[in-house]
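2 protein chains.
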Amino acid sequence: MEREILIEKTKQAVEILNEKNVDMWLTFVRESSVINDPVMEMVVGTNSTWQAAFIINKDGENTAIIGSMEEGNFKKAGLFQNIIPYLKSIKEPLIQYVTKKNPKKIAINYSKNAVLADGLTYGMYQVLLDHLNGTDYKNNLFSSEEIISALRGRKSPTEINLMKDAIKETLKIFDEVTHFMKPGMTEIEVANFVKQKCVDRNFDLAWEETHCPAVFAGPNPNGPHEGPSDKVLTKGTIVNMDFGIKLNGYCSDIQRTWYILNDGETKAPADVQKGFEVIRDSIQMVADKLKPGVKGCEMDDIARNHITKNGYDEYPHGLGHQLGKTAHDGVGGLFPRWERYGDAPHLPLEEGQVYTIEPRLPVKGFGVSTIEEEVKITKDGCEFLTPPQKELILVKP
Amino acid sequence: MEREILIEKTKQAVEILNEKNVDMWLTFVRESSVINDPVMEMVVGTNSTWQAAFIINKDGENTAIIGSMEEGNFKKAGLFQNIIPYLKSIKEPLIQYVTKKNPKKIAINYSKNAVLADGLTYGMYQVLLDHLNGTDYKNNLFSSEEIISALRGRKSPTEINLMKDAIKETLKIFDEVTHFMKPGMTEIEVANFVKQKCVDRNFDLAWEETHCPAVFAGPNPNGPHEGPSDKVLTKGTIVNMDFGIKLNGYCSDIQRTWYILNDGETKAPADVQKGFEVIRDSIQMVADKLKPGVKGCEMDDIARNHITKNGYDEYPHGLGHQLGKTAHDGVGGLFPRWERYGDAPHLPLEEGQVYTIEPRLPVKGFGVSTIEEEVKITKDGCEFLTPPQKELILVKP
Numbered sequence: 000m001e002r003e004i005l006i007e008k009t010k011q012a013v014e015i016l017n018e019k020n021v022d023m024w025l026t027f028v029r030e031s032s033v034i035n036d037p038v039m040e041m042v043v044g045t046n047s048t049w050q051a052a053f054i055i056n057k058d059g060e061n062t063a064i065i066g067s068m069e070e071g072n073f074k075k076a077g078l079f080q081n082i083i084p085y086l087k088s089i090k091e092p093l094i095q096y097v098t099k100k101n102p103k104k105i106a107i108n109y110s111k112n113a114v115l116a117d118g119l120t121y122g123m124y125q126v127l128l129d130h131l132n133g134t135d136y137k138n139n140l141f142s143s144e145e146i147i148s149a150l151r152g153r154k155s156p157t158e159i160n161l162m163k164d165a166i167k168e169t170l171k172i173f174d175e176v177t178h179f180m181k182p183g184m185t186e187i188e189v190a191n192f193v194k195q196k197c198v199d200r201n202f203d204l205a206w207e208e209t210h211c212p213a214v215f216a217g218p219n220p221n222g223p224h225e226g227p228s229d230k231v232l233t234k235g236t237i238v239n240m241d242f243g244i245k246l247n248g249y250c251s252d253i254q255r256t257w258y259i260l261n262d263g264e265t266k267a268p269a270d271v272q273k274g275f276e277v278i279r280d281s282i283q284m285v286a287d288k289l290k291p292g293v294k295g296c297e298m299d300d301i302a303r304n305h306i307t308k309n310g311y312d313e314y315p316h317g318l319g320h321q322l323g324k325t326a327h328d329g330v331g332g333l334f335p336r337w338e339r340y341g342d343a344p345h346l347p348l349e350e351g352q353v354y355t356i357e358p359r360l361p362v363k364g365f366g367v368s369t370i371e372e373e374v375k376i377t378k379d380g381c382e383f384l385t386p387p388q389k390e391l392i393l394v395k396p
Numbered sequence: 000m001e002r003e004i005l006i007e008k009t010k011q012a013v014e015i016l017n018e019k020n021v022d023m024w025l026t027f028v029r030e031s032s033v034i035n036d037p038v039m040e041m042v043v044g045t046n047s048t049w050q051a052a053f054i055i056n057k058d059g060e061n062t063a064i065i066g067s068m069e070e071g072n073f074k075k076a077g078l079f080q081n082i083i084p085y086l087k088s089i090k091e092p093l094i095q096y097v098t099k100k101n102p103k104k105i106a107i108n109y110s111k112n113a114v115l116a117d118g119l120t121y122g123m124y125q126v127l128l129d130h131l132n133g134t135d136y137k138n139n140l141f142s143s144e145e146i147i148s149a150l151r152g153r154k155s156p157t158e159i160n161l162m163k164d165a166i167k168e169t170l171k172i173f174d175e176v177t178h179f180m181k182p183g184m185t186e187i188e189v190a191n192f193v194k195q196k197c198v199d200r201n202f203d204l205a206w207e208e209t210h211c212p213a214v215f216a217g218p219n220p221n222g223p224h225e226g227p228s229d230k231v232l233t234k235g236t237i238v239n240m241d242f243g244i245k246l247n248g249y250c251s252d253i254q255r256t257w258y259i260l261n262d263g264e265t266k267a268p269a270d271v272q273k274g275f276e277v278i279r280d281s282i283q284m285v286a287d288k289l290k291p292g293v294k295g296c297e298m299d300d301i302a303r304n305h306i307t308k309n310g311y312d313e314y315p316h317g318l319g320h321q322l323g324k325t326a327h328d329g330v331g332g333l334f335p336r337w338e339r340y341g342d343a344p345h346l347p348l349e350e351g352q353v354y355t356i357e358p359r360l361p362v363k364g365f366g367v368s369t370i371e372e373e374v375k376i377t378k379d380g381c382e383f384l385t386p387p388q389k390e391l392i393l394v395k396p
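In order, the protein sequences belong to chains A and B. Everything in the first sequence is counted per numbering that gives the first Met the number 0, starting at 0 for the first residue and increasing by one. Everything in the second sequence is counted per numbering that gives the first Met the number 0, starting at 0 for the first residue and increasing by one.
Worth flagging that the hints you see were computed from the coordinates, not collected in a lab. Treat the hints with caution; some may be incorrect.
Remember, identical chains collapse to one label, so a pair may be satisfied in a single copy or spanning two.
[Unchecked claim] In the DSS-like style, the derived pairs of lysine-lysine whose C-alpha atoms are separated by at most 30 Å in a straight line are:
1. Lys196 - Lys137
2. Lys111 - Lys90
3. Lys87 - Lys308
4. Lys196 - Lys245
5. Lys196 - Lys171
6. Lys74 - Lys167
7. Lys245 - Lys324
8. Lys245 - Lys75
9. Lys104 - Lys10
10. Lys196 - Lys75
11. Lys324 - Lys87
12. Lys137 - Lys111
13. Lys75 - Lys230
14. Lys389 - Lys19
15. Lys234 - Lys75
16. Lys245 - Lys90
17. Lys194 - Lys324
18. Lys74 - Lys181
19. Lys308 - Lys266
20. Lys87 - Lys288
21. Lys87 - Lys230
22. Lys87 - Lys273
23. Lys111 - Lys87
24. Lys245 - Lys74
25. Lys87 - Lys363
26. Lys375 - Lys87
These figures come from a predicted structure and were not determined experimentally.
Taking the hints into account, I'd like the entire structure generated from these sequences.
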């Protein structure tokens with residue numbers, strides 16, 4: 000399956016190069032198991048120890064210039080039409096190949112806006128300039144951000160199906176947590192239950208295990224990216240979990256909110272119910288507006304305004320991010336206009352992208368209300384990939 | 000243990016900043032679980048999602064400027080004296096802090112020579128320049144290569160002990176392979192035996208499992224970095240294995256050479272024996288010359304010349320590399336003067352560094368002779384961390 004997707008994405012990359020009118024896309028790496036350009040998992044699939052150039056051209060040709068020790072690995076993988084091995088220096092075969100193709104525009108992997116389009120290190124950028132010194136191609140380099148944004152963002156039906164598989168398995172574990180959690184347990188106990196399910200079922204976690212899953216016990220839970228602690232789940236408080244798996248190379252990322260009933264309670268107190276509904280409704284309000292062409296920051300506005308209008312503090316993060324081979328995927332996101340997000344909040348959404356929607360608000364004295372859904376941008380709207388949480392999940396005392 | 004080593008290395012970093020007269024060392028990252036600056040594992044230990052600055056000063060102060068969502072994680076880890084959280088932009092707290100310290104020299108992580116000193120991406124370098132725009136500090140930036148070279152290279156007694164543990168466990172598996180391997184088995188069968196031992200004993204592999212272990216069955220084995228295949232171990236041929244584990248954060252990397260006796264043979268043919276001895280002796284000749292101050296390329300010369308003088312082809316790679324938290328560690332190495340190695344072959348060796356010595360030569364009609372030992376540079380020489388292979392290991396038919 001991994002190989003099929005590499006072939007599919009390589010083909011898609013050629014289409015994008017034609018659409019954007021870019022002659023050549025050059026991924027330049029060394030010791031890629033140590034510092035990993037995220038492009039490697041998209042269109043290469045095999046690590047390289049020595050300096051290596053992975054080139055996809057607008058004309059459909061793809062070429063790997065690699066250390067001779069690794070020729071066998073690349074031949075075996077069979078993804079590249081041309082494999083050019085070198086021994087002492089990549090400079091000559093690289094210049095020779097580039098000169099032969101004579102590209103006017105060469106995209107390389109750097110980006111102020113997105114880590115996933117920024118796999119070229121500063122040292123390797125300087126090495127590349129040294130190699131190209133004395134040629135005109137040095138002046139034809141520019142950022143591949145747009146190419147990577149399209150390639151990672153626009154999911155094929157194969158990719159969407161894999162993401163649906165990951166969601167299905169993740170929600171199964173959420174259901175199991177509903178039956179497992181009891182007042183008196185610690186966050187860590189719940190997290191360990193979830194991790195054990197992943198071990199048993201051979202699922203990778205979608206992000207670092209220090210906070211995957213993150214479990215938040217009210218009334219004063221940890222911050223959004225903190226790991227589970229020995230805080231105790233208590234009657235009359237809210238509990239949340241943020242959790243995702245990586246299955247067949249694709250990630251899920253989901254949050255749900257529970258309320259642990261107090262003795263004698265049959266429903267959550269009004270404050271808790273209201274906090275839940277404001278979050279739930281803000282997600283639906285965003286989903287109603289999501290479609291190709293809208294900007295991420297406009298979507299963030301909708302949820303952020305609905306929450307503050309209802310008297311709550313705004314959430315201390317973006318509304319949502321793309322999702323795919325990594326838990327935070329793509330370039331653009333449903334981000335506010337904060338300096339730290341660069342231009343990413345202003346990029347227009349595209350069909351085939353998958354976003355999380357994950358607003359949060361504090362419910363004083365009870366905990367935090369937060370839901371995270373996954374949606375796919377369709378031709379003229381969006382489609383929930385997760386069946387959205389419409390009701391608080393009540394846990395008996 | 001991990002935390003103790005982070006503290007030890009942070010203290011050592013301050014000493015190195017004083018020795019090199021560098022005021023400030025700045026590690027600038029984002030989404031460090033996606034693109035990982037190798038400095039993170041040395042002196043930070045906790046990943047960061049938003050833009051983050053990890054600063055160690057010559058005066059001994061260390062400071063983390065991080066996204067507010069992650070404040071809890073960094074407080075819990077307790078490694079940084081100052082933790083400065085931000086919400087919308089790192090720019091203001093970063094400039095404020097740098098202005099307060101007023102450094103004349105700020106080392107940042109880029110290097111043409113070594114991946115381990117090159118964790119700053121080109122996009123993040125541009126972001127950093129944007130942040131510092133309008134200050135003079137923009138002009139005080141330079142490469143931290145020398146700092147990282149010293150910090151990763153000079154192993155503390157604690158680190159050496161951890162590396163010895165990894166070696167001990169690795170050699171135990173080599174011994175088990177000696178008893179396990181039989182003519183008729185495939186390379187993959189041997190590799191799977193080794194991998195199962197690692198699973199059983201909870202060892203990580205020192206490098207990618209596609210070629211860890213690499214198993215080479217003569218007479219026509221795969222190239223040095225190729226993974227095991229369905230080639231069959233055959234009587235009257237040479238077998239080699241290249242294998243290492245990562246245990247408590249430190250790697251081993253060892254190669255041994257076996258000969259599978261033919262029916263009726265009690266020792267290896269003269270050609271095989273000679274090929275083995277030339278490799279074995281070349282390693283000892285290098286070890287005799289290793290000491291602080293010599294250059295890696297001079298050491299490579301010794302082995303390479305001994306091998307070609309004896310009529311064999313030279314090996315298509317460097318003589319050896321440093322070893323530590325990664326299998327290919329540090330900056331300098333026992334490398335030839337090939338363009339692809341940059342300045343790394345010319346750096347003088349230092350006390351406390353750990354190198355592999357791993358020459359190879361082809362024995363026509365039988366396979367490859369290759370041994371890989373690990374040595375530590377001492378005050379006036381070197382010490383073998385692996386008990387060196389002195390005799391061919393003979394496998395009964």
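Here's how the hints hold up against the structure:
1. Lys196 - Lys137: Cα proximity of Lys196 and Lys137: none, with 51 Å in one copy and 50 Å across.
2. Lys111 - Lys90: both (27 Å within a copy, 14 Å between copies)
3. Lys87 - Lys308: Result: close only across copies, 21 Å inter versus 64 Å intra.
4. Lys196 - Lys245: Both ways: Lys196 and Lys245 sit 13 Å apart in one copy and 26 Å across, limit 30 Å.
5. Lys196 - Lys171: within (10 Å within a copy, 33 Å between copies)
6. Lys74 - Lys167: For Lys74 and Lys167, neither the intra-copy (36 Å) nor the inter-copy (35 Å) Cα distance is at most 30 Å.
7. Lys245 - Lys324: both (8 Å within a copy, 26 Å between copies)
8. Lys245 - Lys75: Both. Shortest intra-copy (26 Å) and inter-copy (27 Å) distances satisfy the 30 Å Cα cut-off.
9. Lys104 - Lys10: Classified as within; 19 Å inside a copy, 47 Å across copies.
10. Lys196 - Lys75: Between copies, since 27 Å is at most 30 Å while 35 Å is not.
11. Lys324 - Lys87: The answer is between: 27 Å across copies meets 30 Å, while 34 Å in one copy does not.
12. Lys137 - Lys111: Intra 20 Å, inter 17 Å, cutoff 30 Å: intra and inter.
13. Lys75 - Lys230: between (51 Å within a copy, 14 Å between copies)
14. Lys389 - Lys19: neither (41 Å within a copy, 60 Å between copies)
15. Lys234 - Lys75: between (58 Å within a copy, 27 Å between copies)
16. Lys245 - Lys90: neither (38 Å within a copy, 34 Å between copies)
17. Lys194 - Lys324: both (20 Å within a copy, 26 Å between copies)
18. Lys74 - Lys181: between (54 Å within a copy, 29 Å between copies)
19. Lys308 - Lys266: within (25 Å within a copy, 86 Å between copies)
20. Lys87 - Lys288: Close across copies (25 Å), not inside one copy (56 Å); limit 30 Å.
21. Lys87 - Lys230: between (57 Å within a copy, 29 Å between copies)
22. Lys87 - Lys273: Classified as between: cross-chain Cα gap 28 Å, same-chain 67 Å, threshold 30 Å.
23. Lys111 - Lys87: between (33 Å within a copy, 16 Å between copies)
24. Lys245 - Lys74: The answer is both: 28 Å in one copy and 29 Å across copies each meet 30 Å.
25. Lys87 - Lys363: between (65 Å within a copy, 24 Å between copies)
26. Lys375 - Lys87: between (47 Å within a copy, 27 Å between copies)
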